[in-house]
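Chemist: One-letter residues, chain by chain:
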Amino acid sequence: MNFDNNLPIYVQIGDYLKRQIISGKLKEGDKLPSVRDTSKELKVNPNTVQRSYQELEREKLVFTQRGMGTFVTEDKDVIKNLKKGYANEIIKNFMEDMKTLGFNSSDIIELVYEIIGEEK
Amino acid sequence: MLKYMKYELKGTYRFMLAIILAALFATSSLQLYGKNLTNGNNLSEPSVFGGIFIGLMIFVVFGAFIATIFYLIGNFRKDLYEDRGYLTFTLPISGSQILGAKTIIALMWAALLVFSFITYNFLLVGVLYGEDVINVIVEGLRFIANNNLNGVIIAGFLVAIFSVITTLLLIYFSIALSRVSIGNKKIGGVWVVIFLILNSLIAYFSIRIGDLIPYYIDLTNFSIISESDFMRYFGYIESQVMGHGYNPGMVVSSSEMIAFNIGSLIFNVLTTVGIFLGTSYIIEKKVDL
Amino acid sequence: MELANNIVEINNLTKRYGNKTALNKLNLNIQNGKIIGILGPNGSGKTTLIKILAGILRQTKGEVIIDGYSPGIYTKSIVSYLPDRNFLYNWMNIQDAIDMFKDFYTDFDEGKADELLKFMKLDRDMKVDGLSKGMKEKLNLTLVLSRKARLYILDEPIAGVDPVARDQILDAIINNYEENSTMLITTHLVRDMEKMFDEVAFISEGEIILEGNADKLREEKSMQIDDLYKEIFG
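Quick note, the sequences are listed as chains E, C and B, same order. Under the working numbering, the first sequence is numbered contiguously, ending at residue 120. Under the working numbering, the second sequence is numbered contiguously, ending at residue 289. Under the working numbering, the third sequence is numbered contiguously, ending at residue 234.
Bear in mind the hints are in silico, worked out from the structure with no lab data behind them. Heads up, a few of these hints could be off.
No more than 20 Å apart at the CA atoms, straight line, and that leaves these computed lysine to aspartate or glutamate pairs for EDC-like [as the list claims (entries may be wrong)]:
(1) B/216 with E/37
(2) C/10 with B/179
(3) C/6 with B/103
(4) C/10 with B/96
(5) B/216 with B/178
(6) B/20 with C/284
(7) B/61 with C/82
(8) E/40 with B/178
(9) B/112 with E/55
(10) E/40 with B/129
(11) E/40 with B/115
(12) C/10 with B/115
(13) B/136 with C/83
(14) E/40 with B/9
(15) B/136 with C/82
(16) E/43 with B/99
(17) C/3 with B/162
(18) B/25 with C/288
(19) E/40 with B/84
(20) E/43 with B/63
(21) C/6 with B/63
(22) C/3 with B/107
(23) C/78 with B/167
(24) E/40 with B/198
(25) B/216 with E/15
(26) E/43 with B/179
(27) E/43 with B/103
(28) C/286 with B/107
(29) B/127 with C/82
(30) C/78 with B/129
(31) E/43 with B/192
(32) C/6 with B/115
(33) B/133 with C/288
Examples of chain E residues lying across from chain B (beta carbon under 10 Å, computed) [unchecked claim]:
(34) 8
(35) 10
(36) 39
(37) 44
(38) 64
(39) 70
(40) 71
Just so we're clear, the structure is a prediction, and the values are computed from it rather than from any experiment. Glycine residues also receive a C-beta, built at the ideal position from the N, C-alpha and C atoms.
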């Protein structure tokens, strides 16, 4: 993993973990790798990884059990909201790009529809 | 300090053993060649090749002694001037431990070289020339014992060791002092000048203090001898010749006694201790790597 | 920042070599348990600062306190220092070097040394003299990281080594960092190292010109530390 954008590294690690949760690589109730292991895997300062875990916990995406480790939330709604949040972000960016190319909303829907048709 | 001595020893033994072996080899060659020339009772002329060979071997023997001196001095110097100092001076030990270890190991090698050289030559003479020579040596030793010269010889030996220690420490001190005062590798030879000056100063003050305290201690029986007692031993004229002016000097010896001027002795011991502590202080607290 | 939490406190530290000022009234506190990057180009005073901390260079003025003490025998026993050069004795093989560290540093962990030697692909019977520059650097780092020291001081750990060795060195540092110890790393190769730092301090002409939490600086300046470095020194 490259940390080459300008966001703080703890934010980027948080993002990396969130994507793993969304994609299902980390499922509800799964144990997250320890701070130490994540630190080794991503070659990032363990204090920074710790901070990312704390942020995820603040967002209620994960919870910590004393002496056991950190686990992905079992609350499906939270994960669903997370997913939706990411989807909204992607669509918003897409729409903005399309609008700069001169498409209006109905053009966009039509285009998307066409492409989905082709995929089938 | 013992721990550091271990690594000093490990670091120096290869070179020093090679030097000692070279010296012993060269001296063997000389002895064998000499034996060859005096075969029977006819002394034959050495060939040109033989002459060159002898010269070379003498050179090796002297070279071994000189190389030892330079090597042991260099072994201290390198820690102050080369990258290895980054290890030596970040070890959690004091400057006096480092200096003590280096001094002891250096003395040990010097003693080993001299001792093995002398012993080996005696043995070799015995082997080459048979019992006669061994008997001469034994006679000599018996003479020493019979004439109560043990004390004189032991005291003389101690004096020699003490002066080697003082000189070695003074060399270390001069190197350390030139490192902190100038610190420039290119004119590192400055320590020689510092050494010569300090050595002269110490000798000068040692004599002056001896003048002030005209009492002597006889190391063979630890009795105090005053200057007037020397008149009885040597007579006035002789004491003048041996020493400086009316002072019999720092060391006086005869076949019966070896006596030191008390003032000079104390001064020299204190100076040596001072040089040791000063060098320790410099290498621990003052050297900038 | 609480005073008691500082493993290192540096006040008004000045070092002059003749007329040249290498450090100029430098102030820096280093919190316990952090990895701090001292960033600056060659000649900015990084190595001078580090050598004073390691106890092999004396300041002209000012004060350095490590775990409550001035640099000396005690601080040398709790500081694990990687110089910017090969410091092992030339006659040594790796076994000798390990023996020496074990003899002199009570915090030396031989098991860890074995792990690291394996990771670095080094054997105990290799001669120090015959190692390449990269291998020497790896060996030195192995020895330094095998101690469970309170404070690690690494001077340019990846300068002048090839990219493969560089990755190995970075891995070794992060894998062996003890969370309750403190690590001080100097570098001018910021891009390779910036994700390792909690805190960074930029040093220029013997003074700290900017310091702070690395992520906070990224956020405030909305740029990477590497870009910030280029902006400051470029």
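Chemist: Kindly indicate which numbered hints from before are broken by the structure, ordering the numbers from low to high.
Modeler: 1, 2, 5, 6, 7, 9, 10, 12, 14, 16, 17, 19, 20, 21, 23, 27, 28, 32, 33, 38, 39 and 40
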